[in-house]
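Chemist: Taken in order, these protein sequences are the chains called A and B.
The first sequence begins at 247 in my numbering and counts up one residue at a time.
The second sequence begins at 73 in my numbering and counts up one residue at a time.
Treat the hints as calculated values from the structure; they're not laboratory data.
Glycine included, each C-beta is placed from N, C-alpha and C at the ideal position.
Incorrect hints may have been included.
[Claimed, not checked] Each pair of labels, with its calculated beta carbon distance range: (1) A:Gly299 <-> B:Glu454: 56 to 64 Å; (2) B:Ser74 <-> A:Glu404: 55 to 63 Å; (3) B:Ser371 <-> A:Pro254: 54 to 62 Å; (4) B:Leu79 <-> A:Asp347: 17 to 25 Å; (5) B:Asp211 <-> A:Glu383: 56 to 64 Å.
[Claimed, not checked] Chain A stretches covered by chain B per the calculated footprint, using a threshold of three residues with CB under 8 Å from any CB of chain B: (6) 294-301; (7) 315-325.
[Stated by the list, open to error] In silico SDA-like pairs for lysine to any residue, Cα to Cα no more than 25 Å straight-line: (8) A:Lys295 <-> B:Ile407; (9) A:Lys264 <-> B:Asp372; (10) A:Lys258 <-> B:Leu79; (11) B:Lys80 <-> A:Arg372; (12) B:Lys477 <-> A:Asp327; (13) A:Lys264 <-> B:Leu79; (14) A:Lys264 <-> B:Ser472; (15) A:Lys258 <-> B:Ile407.
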Amino acid sequence: MSTRIPLPYTPKVLEIFKNPRNVGPMEDADIVESAGSPACGDMIRLYLKISAGSREEVIERATFESYGCAANIAAASILTDLITGKTLREAWGVSWKSVADELGGLPPIKYHCSILAVGALKRAIRAYYSRVGRHPEWLPNDLTVEEKQTLEEEQMIERMYSGHLRNYNLRVTIPKGSSNGESSRS
Amino acid sequence: MSVEELLKAHGRPSREVYFDNENSGYVPREVVEEMIPYFNSVGYGHPSITHRPGWEAYEVVYKTKEALAKVLNTGSVNEFSIVHSGTEANNLAVLGYALASRERKGKIVVSAIEHLSVIHPAEEAERLLGFKVVRVPVDSEGFVDPEVFKELIDRNTSLVSIQMVNHEIGTIQNIYELSKIAKEVNSEVVFHTDAADAFGKLAIDLKKLEHVDMVTLSSHKIHGPRGVGILFTREGVRLESILKGQLSSEKLWPGVENVPLIAGFRKAVELAFENFDSHVAKMSELRNLLIKGISDRVSDVLVNGPIDFSRRAPDNANLSFLYVEGEALTVELSINGVYVSSGSACSSRILEPSHVLLAIGRKHEEAHGSILFKTTRYHNREDIEYTLEVVPRAVSRLRSISAAKKT
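Please model the entire structure based on the sequences and the hints provided.
Modeler: Take a look at the structure:
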């Protein structure tokens with residue numbers, strides 16, 4: 247069909263795609279943040295359980311839901327593994343590159359998958375501090391590269407496509423004895 | 073990272089069913105065997121040169137054209153040009169015509185769902201040669217409305233290109249009617265139809281299609297080898313070669329004909345038309361089982377293309393699985409031995425899914441979840457039954473991960 251992308255996925259991407267970890271919504275999540283959209287064909291929702299210990303907040307649990315290609319699912323899965331047990335400050339230091347490296351590399355055309363995953367994480371961390379009403383000195387005011395690119399992707403699709411509503415056509419009629427597409431037409 | 077490692081991690085499923093016949097596919101043993109002698113025992117010479125291996129090669133080229141003339145019901149063997157692919161044939165039809173008519177210029181009318189090997193050359197003719205491209209909209213099933221079409225043809229129209237069968241959604245256009253309308257409005261119009269996906273699936277009668285001037289065919293769509301395309305050009309239509317070089321026995325294509333592949337293509341034509349009606353009936357029956365079976369087993373599935381199957385190519389099943397992304401689904405199905413392609417975008421900064429699905433009004437997220445299956449005479453009921461086990465499981469697993477569920 248229209249898009250043909252060579253997929254030199256690493257065996258690790260394929261393995262995680264087959265058996266992703268930390269999948270699904272988290273009922274007692276403290277923060278839920280998404281990046282991307284179904285219209286982009288690429289979306290990650292991140293759920294974080296954060297324990298505010300005596301000194302620093304720690305990500306106790308992280309789960310995800312993903313709508314996207316195999317690399318998107320693998321990136322989201324490995325990100326949840328990478329950040330579990332980390333303080334928010336440490337998690338902030340996770341870059342899209344480190345996620346890609348952890349997957350054994352991604353094809354360049356799929357870099358945006360790890361960018362989107364990290365974009366969702368950074369949004370979640372900002373959302374957490376905004377909710378508790380605190381701004382740690384290590385948290386930059388300017389958007390990081392992952393947040394900027396995530397935003398760009400979302401805005402681009404919005405411009406390209408202004409959500410028109412349509413009715414789904416779910417009818418299927420198979421005429422009796424139908425075989426050939428009517429050859430007399432041609 | 074090697075592909076070998078990737079395939080090892082991928083594993084081997086218990087059964088394999090290949091449905092990606094849009095993008096290429098299976099070449100039967102008889103076709104392969106037909107090609108082998110032409111590499112080194114007979115006809116390995118240049119078909120334009122006067123020695124025995126050359127004459128033998130020429131005979132292959134000639135007999136291939138004869139076979140085509142017979143199955144397409146046309147008298148003249150000389151109206152067939154053998155090129156390298158359907159893509160090249162479409163390029164030759166559009167750009168070759170534009171080059172030969174660059175003094176006259178005018179409008180090139182194409183449907184919005186043409187193959188990109190028609191749309192891109194038309195845009196090139198606009199950019200480089202001063203033609204104007206007019207796009208004919210299609211309805212939600214991919215049909216060109218004859219009334220709308222008629223309004224878009226005028227004295228300035230020089231070339232029209234409308235597919236006989238759409239490659240993605242299987243829409244069968246009424247080419248007879250459209251070509252007749254075009255000629256009625258402007259008798260000077262040259263009418264091209266890309267019939268790559270109609271060949272071997274619909275009966276094509278070039279005598280009846282008297283208003284059609286050029287037709288594209290492709291070898292690999294009928295289980296022939298890749299690397300052979302055909303452009304039928306009615307006598308009197310002027311084209312200019314888009315490749316320049318030493319002219320060969322082909323007027324519109326310089327270079328040495330690939331005789332072994334052409335021999336294979338001829339065999340594929342013979343096989344496809346030997347029991348044409350039963351082949352088509354089989355594709356159609358299996359395709360119907362597939363669509364019906366999936367619709368019964370999976371919720372939130374859209375059928376892309378004509379719902380009335382008598383107006384749809386017999387091999388085509390194009391379905392959108394909502395809430396899953398097509399590329400992930402192709403990988404998941406592949407792990408389970410079902411090989412398909414998707415109209416999803418999933419390419420980084422472009423994010424543009426299939427232009428065909430967008431043109432029929434599918435939303436982006438519907439196009440992203442689309443999967444194309446094409447049945448063939450080589451499939452059987454067990455293949456469909458296996459697919460009907462695998463697809464619901466695959467969709468269900470990806471939906472269980474999906475962040476795009478009804479919110």
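Chemist: Hint by hint, note whether the structure agrees.
Modeler: The hints, checked one at a time:
With their beta carbons about 59 Å apart, Gly299 of chain A and Glu454 of chain B fall inside the hinted range of 56 to 64 Å. One distance hint, 55 to 63 Å for the beta-carbon pair Ser74 of chain B and Glu404 of chain A, is violated here, with the actual separation near 40 Å. Between Ser371 of chain B and Pro254 of chain A the CB atoms are about 34 Å apart, so this pair departs from the stated range of 54 to 62 Å. At roughly 23 Å, the beta carbons of Leu79 of chain B and Asp347 of chain A sit within the given window of 17 to 25 Å.
The hinted window of 56 to 64 Å between Asp211 of chain B and Glu383 of chain A holds, with their beta carbons roughly 60 Å apart. Here's how the segment 294-301 of chain A fares: 0 of its residues keep a CB closer than 8 Å to some CB of chain B, so the rule of at least three is not met and the hint is violated. Figure legend: the segment 315-325 of chain A, annotated as covered by chain B; annotation consistent (4 residues with Cβ-Cβ distances under 8 Å, at least 3 required). Only pairs whose Cα atoms come within 25 Å are accepted, and Lys295 of chain A paired with Ile407 of chain B is rejected, the gap being roughly 33 Å.
Under the criterion of a C-alpha separation no larger than 25 Å, the hint pairing Lys264 of chain A with Asp372 of chain B is consistent with the structure, at around 23 Å. For a cut-off of 25 Å, the pair hint linking Lys258 of chain A to Leu79 of chain B stands: about 12 Å separates their Cα positions. Straight-line distance between C-alpha atoms of Lys80 of chain B and Arg372 of chain A comes to about 41 Å, which puts the hinted pair past the 25 Å bound. Proximity of Lys477 of chain B to Asp327 of chain A is assessed by CA-CA distance (about 23 Å); at most 25 Å being required, the pair is judged to hold.
Pair hint Lys264 of chain A plus Leu79 of chain B holds up; C-alpha atoms about 14 Å apart against a cutoff of 25 Å. Restraint check for Lys264 of chain A and Ser472 of chain B: satisfied, since their Cα atoms lie roughly 13 Å apart, inside the 25 Å limit. This hinted pair checks out: Lys258 of chain A and Ile407 of chain B have alpha carbons roughly 14 Å apart, not beyond 25 Å.
Violated hints for the displayed structure, listed by number in ascending order: 2, 3, 6, 8, 11.
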